[in-house]
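Student: Start from the sequences and build out the full structure, keeping to the hints where you can.
4 protein chains.
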Amino acid sequence: MTGTSPQPLKVAMIGYAFMGRAHSQAWRTAGRFFDLPLDPQMSLLVGRNPDRTQQAAAQLGWSETTGDWREVIERDDIDVVDICTPGDSHAEIALAALEAGKHVMVEKPMANSVAEAEQMARAADHAAARGVRSMVGFTYRRVPALQLARELIAEGRIGQVRQVRAQYLQDWLADPSSPLTWRLQRERAGSGALGDIGAHIIDLTCFLTGERFAGVSGMLETFVSERPLPAEASADGSEHNGTGLGGRSGEGYGAVTVDDAALAMGRLSSGAPVVLEASRFAWGRKNAMRIEVTGSLGALSFDFEDMNVLHVYDAGEPGRTAGFTRVLATEPDHPYVQAWWPPGHGLGYEHGFTHQVVDFVHAVAAGEQPTPSFQEGLHVQRVLDAVERSSAERSTWTPVETDGDPAPDPTGQALHGDSAVPSVRENSRTSHARQNSPTERS
Amino acid sequence: MTGTSPQPLKVAMIGYAFMGRAHSQAWRTAGRFFDLPLDPQMSLLVGRNPDRTQQAAAQLGWSETTGDWREVIERDDIDVVDICTPGDSHAEIALAALEAGKHVMVEKPMANSVAEAEQMARAADHAAARGVRSMVGFTYRRVPALQLARELIAEGRIGQVRQVRAQYLQDWLADPSSPLTWRLQRERAGSGALGDIGAHIIDLTCFLTGERFAGVSGMLETFVSERPLPAEASADGSEHNGTGLGGRSGEGYGAVTVDDAALAMGRLSSGAPVVLEASRFAWGRKNAMRIEVTGSLGALSFDFEDMNVLHVYDAGEPGRTAGFTRVLATEPDHPYVQAWWPPGHGLGYEHGFTHQVVDFVHAVAAGEQPTPSFQEGLHVQRVLDAVERSSAERSTWTPVETDGDPAPDPTGQALHGDSAVPSVRENSRTSHARQNSPTERS
Amino acid sequence: MTGTSPQPLKVAMIGYAFMGRAHSQAWRTAGRFFDLPLDPQMSLLVGRNPDRTQQAAAQLGWSETTGDWREVIERDDIDVVDICTPGDSHAEIALAALEAGKHVMVEKPMANSVAEAEQMARAADHAAARGVRSMVGFTYRRVPALQLARELIAEGRIGQVRQVRAQYLQDWLADPSSPLTWRLQRERAGSGALGDIGAHIIDLTCFLTGERFAGVSGMLETFVSERPLPAEASADGSEHNGTGLGGRSGEGYGAVTVDDAALAMGRLSSGAPVVLEASRFAWGRKNAMRIEVTGSLGALSFDFEDMNVLHVYDAGEPGRTAGFTRVLATEPDHPYVQAWWPPGHGLGYEHGFTHQVVDFVHAVAAGEQPTPSFQEGLHVQRVLDAVERSSAERSTWTPVETDGDPAPDPTGQALHGDSAVPSVRENSRTSHARQNSPTERS
Amino acid sequence: MTGTSPQPLKVAMIGYAFMGRAHSQAWRTAGRFFDLPLDPQMSLLVGRNPDRTQQAAAQLGWSETTGDWREVIERDDIDVVDICTPGDSHAEIALAALEAGKHVMVEKPMANSVAEAEQMARAADHAAARGVRSMVGFTYRRVPALQLARELIAEGRIGQVRQVRAQYLQDWLADPSSPLTWRLQRERAGSGALGDIGAHIIDLTCFLTGERFAGVSGMLETFVSERPLPAEASADGSEHNGTGLGGRSGEGYGAVTVDDAALAMGRLSSGAPVVLEASRFAWGRKNAMRIEVTGSLGALSFDFEDMNVLHVYDAGEPGRTAGFTRVLATEPDHPYVQAWWPPGHGLGYEHGFTHQVVDFVHAVAAGEQPTPSFQEGLHVQRVLDAVERSSAERSTWTPVETDGDPAPDPTGQALHGDSAVPSVRENSRTSHARQNSPTERS
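Protein chains in written order, with the UniProt record's numbering: chain L, 1 to 442; chain D, 1 to 442; chain A, 1 to 442; chain B, 1 to 442.
Please note: incorrect hints may appear among the correct ones.
Which residues of chain L face chain D? A partial, calculated answer using Cβ under 7 Å [as the list claims (entries may be wrong)]: (1) Arg162; (2) Met219; (3) Phe324; (4) Ser395.
Just so you know, the hints here were simulated from the structure itself, not pulled from any lab data.
Every residue, glycine too, gets a C-beta built ideally from N, C-alpha and C.
Tutor: Okay, here's the thing in structure tokens:
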């Protein structure tokens, strides 16, 4: 809203299914509620099927279409490539785009393997040196209540992080007659509940605590091993990416080759224990992404099914009036909220995507690294990989790979073991002293 | 309330701290709200300190006192021994009591080691052959909402059990300046959060599903390694068991030798995955014993902090009006409730103890095995042990011991592994057929 | 639990239905958890039907029985008369008992008419001068969360009371086929939802705010005008008081002569508006006694269906972390709780009755007025009466009677009217100054 | 998204503050998620201050601006006039627009007086005869959970409506130092909490039940009678309508001339009692628009602070598993939802506005009356007026005006009075029979 109009930022988006629709709404809306330093223009939509792509472009508001994503790379006028395809094409497209000097936003999970993700992270580092930006689409970071949680933890409001418990529960696969989509095929999706929704709570754990995972113990489960093939793959609009499932023969059933539920126990770099569960079989839970972070001075708790609320516990409050406070994160001083509506007039799912565009555009304009970076995406990929490897080896503790220095080897038994990981243990004298420090809470 | 008065059932209770007070209220109240086939009489209270024991007996309503639990064993007029001491004395007392032909109720966890528990379970079997009954005090089984949950699962209302997620969260140790009690000493308490509260959710998982644990992967954590010794051990009324911590006058701090938090992933005998967390450091959670059981046809969810409520999800309900139903388990047709108050007039913590006495007295009178039996208590002990052993060995999958036949070896990776455990996996054809079966839901 | 045994306090109870059972549990339990200055003894139970009375006495723990309440009055050894009959006999029994020098506890509502209640209040004043105590059984005052609410308001934590909104919702009459009990007959019960449950929220409003009602506008409704007569009146154990409904002939249906739902708007003595609803037709609400008090500096909210919780809003908290705090009123420093269980181990409905006995016995021993007094009970009766009169006169504003000075005449239109009632209106200058006062919040 | 492009529908919007921003988002978004029969074009924005209007147009996406709303009326190319100004200009603009043959959408409350509203309703009827459409912006009707509630009631799922209880609680005026805006001035806003937010729950009551109000008893309150004038009126962006408060430079305080809280009891045309409260002083309640409708066979409950949820109670469910079901109204078969996101990915406040545009455009294209009509808006206005008049006359029962036939005179005392209003009373025989009718529930 400044006097001079901002420069245009021309965007091409690849894929137009669920994620493509959400991203389109974000590109369209961001500048209407936020002052942006650049003016995003919805220039080019990419999809295989020409008719459906044109139809999608008309509805979602993209100016042009093409059937070949390589055209995006070759066109000089495209500034940003927004990748909304299934995971198996992320790496190839992102590498080409970065190489061509285009800023990249890529949906999560960043890739289908650690090797791909490593390649992408290296490319992102090189591109950054040339002023080309890249970001992974963990949009839940931009829910105001979770952004608030991050701020409160960073300010020390809950003290040192002691424990994280997170669940991501859905039930859309609990009915064994629901069809086999690409999300149930390992070669397309990489993994199942683990990578699809587990990736979100892994990323959120890192985002909220500012830490990384040191290691994990994992366990995977597939409840339904065969499912009916979609009656007509191409009609699967809500999940379709423009390419189809491919290779299915005449039979009516196909094998599920990913996990339906994933469990993990882990430790952060500080040694703090984490417990994770991702399931698409949790009847009655529609999008229950829940995370609770317990610290030495308090706790925070969130459930996406009530997404405008953060529950805050302050252990410094006298017991007589202590309790979890239901903070409706819709006040003007909550992150992003001032641009929207008055208190209590809640936001919805797609607002996280709009905030993501806002932050991405600001980072591009300022020449700064947007978050989460491909390095952060790579870390999530490594955690996913460690969970899978642990699961395949009797849940044995599996360190998460790092770059450069060898991974520490935290044992699962902090009490009696010899851990290379910084311990969260404390004795009462030091911690008590810290708790009384007036500076810590102010 | 029958015409002829029931025969007396003379009870001796050992220990009068927290558990002793709850048991006393139960013995005193059971016959006032329920018709009992025997008339429990609060005959003898045992505690080391004579003055305090007499004081406790007067307040709690016990007729006599003694300082030596062996007197209970020797007295012919005592029918029931109710053991409310710390875990390190359970085995010795219970074995002597059973040997002497006295019915035994013992607080959980049943023992401090698997070896002790095995001895107790064997003794209980022998005693049962002579008509002597024994029971472990997992009182949460008798909360009406949880009893209702058990019934609904047994009736097939949620179909085949697919997943269990359970937490037991408290925060009374989160302050590092809170003192070192016997519950923090391995030799007295056996373990920490694991055995104290984790035992409850292990037992509840078995109770609700009717299954046992096949194996686990565990992880323990001690956050605060040293704590101040109680100012005056003997004044620790709320946790005191009549014997005191002893021998620890001079020094100011002592080592915590148990876990503060315990995490575990496990599988039931059916192969269904379970995730468990027990923590006494979860700021803001006062007694949040939460359990959610997801089946193929629905789900049930419970939180003890709202103990009169069971949330029920029926997947057979059309999506338009489906959701978790908040069942206030205070209706006359809910278990135990008819004896109490009208709908909505909730019960409290101690009612579970009263119901436990009711069921115990009925079992004794009928010459039947009360539940949970020492065999069930032994199973919980073995799960606790497996969690500890796994935790000490990099969280590696650890089968839970069984009697007779060797333990199965379920791998943590059901999808790609070779599991000896009956799988919960299904393919859509068979399960779909089952789901449509009209008989299953009626 | 002092060295010398407390003196006995011999109690006679009249009626043994729902309320009689709750009172018995309270008399039996109070001394087991609280140190009492006198030792209540459950001496004499009164009921018309000899067999059932004896049966009740055996189950509830009363030593003797009689069929005539006048025997209670005549016996010198009875110290306390506890009146648990329907409202039509309260006045006669209470007057006789006070006259005879016996302390009186009477169930709510205190009487069936204002005239009776005035007589009782006068008698109570005279008796008090002779050291004889009396109290009305509004037991919800003794729920710890509500006692906490009272304390917080009295401490000024929510500032000046601005508004009260209260509901008491049940659904046990919503089914038109449920039978006609004495609670549906005006001559026995006085009124319907209004006096049965509306009386509780009227009393609680006074208790929490420390104010009285100046006037009301009321509206009553009877949804079901005829109901089946109970199959066998005498078998109606849960509602039966030992005397029977009487006068019913052969027909199958009888007229409902009380309200099913009562609505009212009122003003407190300070002018603060109050809105009240009592309904026994609110499907799905089992015992939803809800009250929210909004002040100038915060608010408190309570629902009996989650009776261990008080929600507290502190307007002094910065907006970023403000919200209702869910205080689980089970901490040792919450009212009455220290005598019971650890945090999070909730209390139930009957605990309010136990606390009532504790306070009553303390008041008797100390020679002090227990609360609520008959004067307070009279005020509730006058509010009930004003609601009924207003309802009969097109909901016109109806002042609540007072003793001595004529009732003020608050108009329903504070803004433009001339109100004799102290206004809660304020202008920003004065109230702003007050809000900033550092002493007020510390 | 049909083959041929839909015809354009050119919109002019007057005012660009809070409501203008919400409407702009709706006009911009509707066609992106829904197939519309006409293509809304955001043509012309009207505001007094040229600079700010142009700035707003640029941000909100309007093509042109003007400073005079009469230009809108005169231009032939404008099809729709969307009125987002304060209530005092609604009538004049709407009458002119309808006269000029333009479809009109007007924000609620429709007018500042019954006289204005009557004039508008007549004009709307005349316009409708010429194919010109009009609608009042009660957007909460288009929240999916509330639309679902309407459908369930219309289907008979809760039987006959017996009671409605509704609250609209906010706290943005609870701080007496918050400034005097136009919403606090009677000549601009018409009334205070009553018309601003009370209007919503009055309209929702009618919408959900399909009934109208027969009469009311009201009570108004102004807690803070003077407030500071805005530091700089023109900077009041969030509430500013482009015209400013004006004429108020020197003095520091101004009088509040509207109500801060409004209470009412009423009866619907069926006789069903309703209780209403609107308050902008309810500390801690940010946008708690709550409504519960109790019927003879069940109940529905909603709170806008958890806007994606409808709680449903079905009295036909056996007591053992009955309870309020938390329906997350985000399933594909919930109203409007299929166009958006998968289950559990909630919608926000502005989605109601988008749905309103969708329905309005469909009605215009189909030549049908959109709802709520000006007739419905007039009824709300008459209820507001009746509440004010009752409040000024000691809360005396005040019939709500109707057209043509004289208003019925429902007495507040249904039980003993002679009511001209159809009674909701029933006797058990007839209602029981109805309840058992198999057709009613299927």
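Student: Evaluate each hint against the coordinates.
Tutor: Okay, the hints, checked on the actual structure:
{"no.": "1", "hint": "Arg162", "result": "holds (6 Å)"}
{"no.": "2", "hint": "Met219", "result": "holds (4 Å)"}
{"no.": "3", "hint": "Phe324", "result": "holds (5 Å)"}
{"no.": "4", "hint": "Ser395", "result": "holds (4 Å)"}
Violation of the numbered hints given earlier is absent; every hint is satisfied by the structure.
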